[in-house]
Each structure stands twice: as structure tokens, then as C-alpha cells.
Amino acid sequence: MSEAASGSADKSVQVKLVLLGEAAVGKSSVVLRFVSDEFQANKEPTIGAAFLTQKCRLEDRVLRYEIWDTAGQERFHSLAPMYYRNAQAAVVVYDVTKAASLEKAKTWVKELQRQANPNIVIALAGNKIDLVQPSLSGSGSSATESEDEADDATATPGEAAASDAETENPRQVPREEAQAYAQEAGLLFFETSAKTGEGIVEVFTEIAKNIPIESILASSRGAAGRPGTSGNRPGTQEAVNLDENQARGRDACNC
Amino acid sequence: MSTISAQLRNFKEPDRDEQSLLFFAIPPVHVKDDGAGQNNPEDSLHKMEINAMLSLDGAEDSYPGKLHLFPPYLAFASLDRKSVRFTIPLCTVRRVERPNARAGVYSLSILLWHGMKISVQLTSLRPAADQFCALLSMALKAELQAGKMKTVKPFSKTCYSENLILDTSPVADNEREDGSLIDGGRKVGEGNAPAFHGGLGLKFKFPGDPKKLREASKTKLWTTYFRVHGRHLTLLRYPQATRFVQVGLPNRLRGEMWETLSGSIYLRFTNPGRYKQILEENKGRTSTSTEDIEKDLHRSLPEYLAYQSEEGIGALRRVLQAFSYNNPETGYCQAMNILAAAILIYMSEEQAFWLLDVVCDRLLPGYYSPSMHGTLLDQRVFESLVTRCLPVIHEHFQEVDVQLSVASLPWFLSLYINSMPMIFAFRVVDCFFCMGPKVLFQVGLAILKINGEQLLQIQDDGQFIHLMRDYFNSLGDSAHPTSSDPRMRAITKFQELLLVSFREFAVITEETIFSERRRFRNEIIASIEAFSKRSAIRNLKTLERFNKEQVGFIYDALFKAVCVEPPPAPVPPPMSLLTTKDTIEERPETRIGPKTFKVFLSEIATWARDEKIVMNGFQQRVDREVADHELMDRLFWFWDYSYRGALTFQDLVTGLDGIIFSDLMDNIEWFFNLHDKNKDGFLTKDEVLTVSESLLFIFRFEIGDAYLGAVSRFMSNAFEYGDALLPRPEGSGEEDDATPQIESNQPYLSLATFRMVLLADEVLESFFETDLSASFRLEPVPLMELSPSNNGFLGGIWSNIATDTNVKLFHKLSDEVGKTIGRHQVIHRPSIGRYTSIEDTRPRESLLTPAMRHSSSESSLKATSGASSTEAQSRPSVSSAASAATSATLIATDAERHQFALSPTSPAGLDPLAQATNVVANAFLERTPFAIDDAGDDDDDDDDEEEEEPDDVLDEVDAFLDAHETVVTDEDGEVANG
Ligand SMILES: Nc1nc2c(ncn2[C@@H]2O[C@H](COP(=O)(O)OP(=O)(O)OP(=O)(O)O)[C@@H](O)[C@H]2O)c(=O)[nH]1
Ligand SMILES: [Mg+2]
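Order-wise, the sequence lines are chains D and R.
Under the UniProt record's numbering, the letters of the first sequence match residues 1 to 255, in that order.
Under the UniProt record's numbering, the letters of the second sequence match residues 1 to 978, in that order.
Heads up, a few of these hints could be off.
With the C-beta cut set under 8 Å, the calculated list includes, among others, these residues of chain D facing chain R [what the hints assert, rightly or not]:
id, residue
1, A24
2, K43
3, G48
Straight-line distance between alpha carbons at most 25 Å, and here's what the computed SDA-like set of lysine to any residue pairs gives [said to hold, decoys possible]:
id, chain 1, residue 1, chain 2, residue 2
4, R, K12, D, Q179
5, D, K110, R, A530
6, R, K141, R, R126
7, R, K612, R, Q277
8, D, K110, R, D651
9, R, K82, R, A142
10, R, K82, R, P365
11, D, K106, R, P365
12, R, K541, D, Q14
Don't read these hints as lab results, they were simulated from the structure.
Predicted model, so just to flag it, every value in this text is computed and none were measured.
Glycine included, each C-beta is placed from N, C-alpha and C at the ideal position.
Work the whole structure out from these sequences, hints included.
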């Protein structure tokens, strides 16, 4: 409780963020990459929801993300409102190798826009682009690359196998299509890979830039100070792994 | 996206017998497919329960309780329902003796197949005891005749405990300390495969340090226990058994004990080979469930070695698939993979399959169902228990707006396997299978209580989750690290947790859980239904011109229809068609067929229901029935825009949009299109007749003959004008009677003509101008209310009484009484209700010149009737005219019906239509006027109050009771109803 006044003193802002999207698109993996810069090939499905935190520096502000990573299966849908209530940000994830997952993402966006906090910042993230990286030339994918794919095929065997058989490129959602949709719906848009880490940090930085921080500060000042009682928890003090050219001045914040 | 299910509503609380069967884990008796005939043994095998005192041969202590005979099982529970109990299949009984009766003592000695002798002293009165014995011996004989006794020995070989009690255990030499087999279990019994079932742990090792777990001494304990108290099918559960379970089951025995304690062993015993058969029968079948399962196979306890190999993955896949095939409604739910993976460490696939079945069906009903209502319900129950047992924590949570279930939901859903380190979670699971679902609540409460002080510090959900996670990670630590007493220091936090769970929360009994579940069930159902309604509306592609509230009414009508007339389960598309592209469109969505549609339409369109206002002196009520007419089918197909033979919520919204907002011209065109089957812009003669049938159907309850007159004028005008406009063959003279012949199924009447004919009539014009649209009403649908306080004993009884059938019975009864006292009256409520008394509206002047009229009308009618006699399949006009008359019959009372018999047999040559119209007109003149005023007074707004729904029944029962105290007038009845 020593930092009771942290809300205003060190300008740390608490941002509640929720991840939504179809099962196995990689929500938990995206969070894991962001929070501990790790990747696990076989991540257990999320039951109900998982909770993680990560700090992120934006200019002179420190944002403390409180991340709710929800379960993706359709039948957990009715639990989602419990997690997205009061959320200031949402990352809706789909899998670029699965067209249906974008459809599901769209329904999430629709639901958030109607049911959630009206000022919520929503980012759309097409995950698993490592699986569809343009392999330099048409068939020139390296041996290691294809081994990687085989690896992933064990995680999501059905589609990976099917798409392998059909075409060279398992991509089912063209970047342009998703981007156009995101623009139309007023969402931030990214393509990411939790496996390689590509695009992950950007998602959270961009959200940070778009969050109406002042209003959050104003409201949290009114409320009880948000002390870092649990700020010393394992997993939260890892620094965000900064790309060197990520000049946003974000860094770790071991508090 | 939107699936609408009435399933939750159909939930029925188990009655007393069913509760006992559940308690004793007795599998449901499978009804024989072939109807079995009279000598079905189930008929003669009666259940019975009797007071008894149980003791074991040679043991001192005896326990009073109740002995139950549930053929083919014998079961016992001590008075407290937990100290001592057993469930024994009768086929394990070898002999029943009545030892020399000491004075007044009536006891039975039951010898079981492995030599164990149970003695029960029947403490009820002599005749009851005699009867019990007679029934028992009958049930035993039946088992003997069915050859069941022989199945016990082979089955016992599949149980590990049997091997344990052999004096020279072939197992022990081959075991590691942790209980796994040195050679992976392949060579037990001199080269034979081990006969007993076991899990992946036998090969891949069991989690935990066997020394620390004290496997050897626990196994010894159980071995001794089994020798005295029986095992697997015949295990007697004495108090020490429960204590042994609480210290943790030994690894090798765990699987078998789980199935024994949970009762899934009886399912495996009675369904030999079923597991394999299910897999065999469904080989290669894919579904959403199997797809979801594939996604999660590698994501289930991935750190356990077996699940990094095809052996473990394969077993997991088969068990989950078999379950989903066997329970298509539940299918597969995430978290089941973790549960299945966990139990497969300790049990064979077949054992795991049946255990999963018991968990999903009996122990945690509805947890993994598509709506997850069981999960939500138990979360609500848990919250209520926290409020009651830990009020300070509850208050704090309220204050800082922390939701309990953000942490607790995964605890329950994964039986703590996903929350605690595995070795501890399995011990909770041990207790869970032994003592039932209450354990999950007790442990949950204990977790909160132990962490109470820190919990009072938390400010938000996140801190709550963190605190819990840290606590779970420290379960292996000492609970009293600073204590000077080494024995105190040795107590782990996990031991402390169990201690608190079972000591301090012993008040939480099975009955507590059941009654709390009853208390909150309706609340949960209502919130789930509200949620699906919201998302169904949100997922509509377009609301069309409706506002949210109106769409809500449409949804309610649809929901009610689905409750009343559940649509058939969607047929899964053949697997070859399941490409990834298709699955985008094939999201599960409720589609209704014509039957459900009619119920839906009857909720919305006034003419699609038959409403009878019944007055019998005690009550005035409206009996609403779904009408059935070709017009309703026509509308169904008309709205089936995607040609699937089934309508979605969106189709209904779009369909209604096409009529509710329309004006005169739109409506006429709509009606025209509705009847223009081939959409060529012309009605055939047959279709013109169908139009008039449709109109007559809509107008069937209207008062006065204005509409009937209008319809018959419509018909004659349509034919006159239609004929007049037909292209005439070249060279025919003006007065030529030979108007062109046209088949009754040829294009005949264009929209423009149709419009003109309709507009020629004031009555029809006003109908199309406003009444047609207005006959579709979006208003609150009287849903089957869920009574909010269905908790008490009495509540249960009432809800049982107030079933639909009972309501009908009650109505019938009061109708009968009403008839005998001459106060029974039935009035049809009109659908449109524009005219409240008989009045004649004059037709407008004909559109045709007298000459045109003269020449065409007769010939056209002749032509159509001619066509009718030759063409058998198409709808001939004579019968149409007749059916117009029949439609009219609907509104006539019995007394008048005989007159109508004339019309179908009208002599040839006469104008049949004119005849029919005549008859109709006559009927009206002779109609008894009783209906008119009362019905006219009736305001449509009170529809909803007079539905015969369970909730209202109570009111009506009240009204009935009132009626017996005071002299009741109709108005009183209405008041009571209101
Ligand atoms: N190749 C590749 N695989 C990924 C990526 N992200 C996740 N995965 C894999 O996809 C599977 C599902 O990942 P999760 O992160 O558990 O997915 P989720 O969305 O959290 O799933 P639920 O919790 O069930 O809703 C895992 O096997 C991951 O290893 C990625 O960027 N690239
Ligand atoms: Mg996840």
C-alpha cells in the first residue's frame, strides 16, 4: 500500500483490456508473447478467462494493462460480458488461416460496440501470419519453414492439413479484406504472430496511444487509488521486449 | 449464430424415487425397444424400501438405516445418508438366508459372490418385512433367469482391487513405488496382458512423488479394507472408507475407486462393449464437436508425457469423441478435455468414458452443455453460499465490485484441475467422487475463508485472481511455517484446506446444494434466455424497419413457438461437403419448419389463431388454438427466401417487414405475389380461387356478412373482368358467346387487373388499406412465465399441478359444470373486428359495362367448372366454390350446418358460385345473433392476460376457489383472471 497515490503520482494508468476471438486463434499466445515474450506450442485452452498484467510506457506515461484473456469456444460466449464490462480496450483476434474466425471476430466487434463501454478502443488482430509469410518466391519455402508448419499442424491439424493440400499459401483472409473491414468499423488493425512476435507489441502500443488516458486518470483519481498491491506479482514485471527501432520510449517498469 | 432452445424450460426436478436412484448411482433402466409385451420383468419387479440395521459378519458395529430394493440393485444408506452406504447389483448375491429367528428379530443374511456376508435386520413390521423378502427373492430369480450371475466373475477381473487382495499378488513384484508397472504393464500374469483396467499412468508414470504420497501404506490400508468390506461392485462404504479417501487415493487404485465411488462402474458393468460399439458406429464421423476436439487434443495437460505421444492423444481423442457421439446435445465443451486427460492418467478409456458420462449427466448436470447453465447455476449457488457463510468477504467484494466467478468459475468447471497443482487437484477430485458435488463448494468456501484477510485488501478482479493463483502455487508449503511444533510445521496448506473444507463447512450438505440449485434455477434460465435473445437480435443482419422492441416481440413469438413445437434437430451435412468455406455459413442457427412456423404466426397474426371466448359461469377465458390453413403454409414458403425449407429469425423479421409497414398498393401486390406461385406476374384461375379461399379464411370469424359478400363479389368480378380482358380470337363477333377458353392453370389475371378488382370493393379496399397490416401485431407475447419462487416444497407441488394438461382438465371440468347450469357460451373472437354488427355494405358500381358483364361471367364460370371435371389434380372451381362454402361453415353454428350440405351437390348447369354465395348469404340471415355484442365488446388488448399458461393457472385455480365461496359472475371471473 506504500504506493497508494500512484494513480496520479507516477502517472501510471490502469487500462483494462480484454481479448476476444474464436477458440484456438491464439489469444492466450498473443498475451503470453506480450507479457513474457514466450511462445508455447501447445497452450491449454483458456477455461473461463485468464488474467495477466503488463506495464507499457508511452511517452511520459506508464500504462498498466490488466489483461483478460477469455475462452474462445462459442458456449463460453455468455460469460464474456463478465470480462469485458468496464474494459477500456479490446483486442479481437482471428486466425488468418481460418476465414470463419474473422466472421466470429466481426460478431465480437458488433457486440462490443453495442454492449461494452462506449469509448472502448478495439483492435483487430489477424494472428498466425508466420504460417502465411510470403515464402520469397512461389514454392521456395525453406526446409526449416516447412518443418515449422508441420509443427503447427499438430496444434491445429485439420485446417493446416486441409489448406496445405489445397494451395501453397494457407492464408484464407486477405490482409486487404480485413483491413477494409477494420477501417469501416473504426478499429485498429494489425497482423501478428505470437510465434515470431511480429506485430504483437505494436498492438498494445497503438492501443495505448488511442486510449483517452486523461479521462481514465480523471475517473481513477476519483475512485480509490489503485495501489500496486499485486504489482509485484511474477510475470508482471518482465519488461516488454522492445524492438530497438520501436522509438516509443517504452521500457520495463519493475515496480 | 442464434440458436434458440427451449431445452432449459423442459427441466423437471427429479421426484423422490428418482432422487434415490441418483443418490445410489443406480443406472437408469434401459427401456427395451421392442415394447417387451406383458411379461416385461420390470412390471413385476417392484421397488421397496424398508427400515433396516446393517452389520457385517463378525464386525461389532451396526448401522440403522434404510434398505432399498431397486431391481436389479439392492442399496442401503445409514440414517445420516453418509456414514454407511452400498449399492450392490443383485447378480452378485449368491444366497439370502433367514437365520434362526430370535424372538422378534427378522434378519437376512446376504452372501455375496466373493464370500462376504452382510447381515441386515429388518426393523419394520412383520408384514412389510415379509413383503420385502418376497420381492427380493423375485428380483433375484429374475436375475438368475437372465443369466446375470455369470457376468460378475469376468467383470471382476477388470478391477485392480481383485488383484490386490490375492494373497500372492502378481502385481506387486512388477510395480514401481509410484504404482506404475516396471514393464509398462505388458507382462503381468505370466505373459498375459493385464486383465485389469488402468490408465496412462501405468506406462507414463503417475504425477507426484510416491514416497511423499505414501503409496505403499495407502495401498495396504485399502487392501485390508477390501478384504472385509468388499470391493468394486460390492463395496460397502463405511466411515473409514471416506477417511481413506480424504487422505488421497493411491495412484493405481485411483481409477477404479473413482468409478466405484461415483457409480460409473455400474454403467460399465451393465453396458459391456458399448464404448467400443459407439466408436465403431460413428467411425469417421465429423461434427463441430470433433473439430473442436481436434483443436484441443494437444492442449490438454501438455506437460504430461503421455500427451506428447500418439498413445495418449489417441486415447483422449477416442474418449472425447465417443462422449460427443453419445451425447450429441452436449457434444464437446472446452474443459472436458482437461478433465478427460486427467482421468485417463488413472483409468482406461472405457472407464473414463463412463465416468465422464456420470460427471456430465449426474454430478455436474448442465456444466458443459451449450448454454453452460449448470456452470452458471452453480456459480450463483456458490455466490449465495459465500454471502451466507462469509458475509464479510461478500460485502467487501460488493464494495469494490469484484465478481466472485471470475476466479471461481474455472475452479468448478475443471474440478480445480486447471487451478491447483495436479497432485492436489486429484485429491479434491477423490473427495468429489466420494462425497459428491458439495465438495467443490466446500473447498471453494475454504479457499476464501483461509485467504480471508488478504481478500479484504483486494481492490479489483485482477488482484483477486493474483491472490488466488499465488495461494494455489503455495499449497505444498507449510501452513504454519513459524510454528515451534514440528508436527504443526508439517501440515501443508493443502491439508489445512481440506480440514477447513470438511470441518468448518460440514454444514454444506448435498441437500443444501440441491435446494440452492432449485432456488436459483429459474433466475439463471431467465438470464440465459435474455442473453440469447439479446445476441439473436444483435446478430440479425438487419432489423429492417422495426425497432429493437418490436424485433424483441418477434423473437418472443419465435421463442414461444420453439417451446411449443420444437423444430427438428438439424441434420448434420454429410462430411464430404464440410469444406472450410461452408462452415462459415453453417454456423448453428435455429431454423423452423412449417409446424413451428404456424405456432409463431398464430402469436403474431390475429387470423392465424382460433380464439374462442369461453364463458361457463365460473370464468371467462380465451382458448387460443393455432389455426391451420393452406394460407399459413403459403406464407411460410413465401418467406423462405433462401429456399431451404426452413426459416430463420432473420427470415421472419424480413418477412414481417414486407407486410407490416405497407400501404394499400403494397399490400395488394404482396397478397398478389403471395398467391402467384410461379411468380410470372399473373394469377391463374385456380390461384384466383385460392385468393378467395385465403380471404375467406382470414374473415372466418368476422361478424356480419360484409366480408363474405365482398369475397363473392371479388370472385365474380375477377372472372368477369379477367375474361373480358382476355385476348379474343381473330374475327369473332361482338356478341359471340365463345369467349376464349383458358386452362385453369394458365396465366389469367395480372396485378393491375387484380388491383382494380379489389379496389372495386369498399370492404376489401379498407381491408388492404389498413386491416391486413394491422392483423400482424407485435405485442408482448405471453411467454410461459418462470415462477420466480419455485423453491419451497409447496412450490414444487404447485408447479406439478399447474401443468398444461391439468389446466385443460380444469377448463373442461368447469365447462361441463357451466353447461349443466346453462351458462356455457363459446364465441369466436374475430380476427379483424372492424364490423361489430351485421350491416350490409353495398358494392361499388361494377367496373364493367353491362354488356361485358353479360357475356363473360357465365362463360368463364362454365369454363372453369368444365376444366374442373376433366382435370383431377388441379383445383377445380366447383370444389373451390364448395370449399368457399365449407370455409363459411366455420362460422356457422351446428344448427345451420345441414344447409350447406346442399352446395357441393349443386346440379350441373346452375351457377355454382352464385349458389354458394347464396347459401352463405342465407346462413348469415339465419345466424343466431348471440355472438355479436359480447365479442364486439371484447378488446384485443387483453390477449396476453388470458393465455392458458401455467402461471395464470394459479390465478384460475384461485378464481375457481373463489367461485365456490361467492356467487361468481363473469365479471368476477375476469377480475380474478386479470
Ligand atoms: N503458428 C502459430 N501458431 C500459433 C500462433 N498463436 C497461437 N498459435 C497456436 O495456436 C494454438 C492455440 O493458441 P492459444 O493461444 O491457446 O489460442 P486461444 O485463442 O487462447 O484459444 P482458447 O483459449 O481456446 O480460446 C496453440 O497451439 C498455439 O501454439 C501463431 O502466431 N503462430
Ligand atoms: Mg486461450
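Legend entry - Violating hint indices (sorted, rising): Violated: hints 4, 7, 9, 11, 12.
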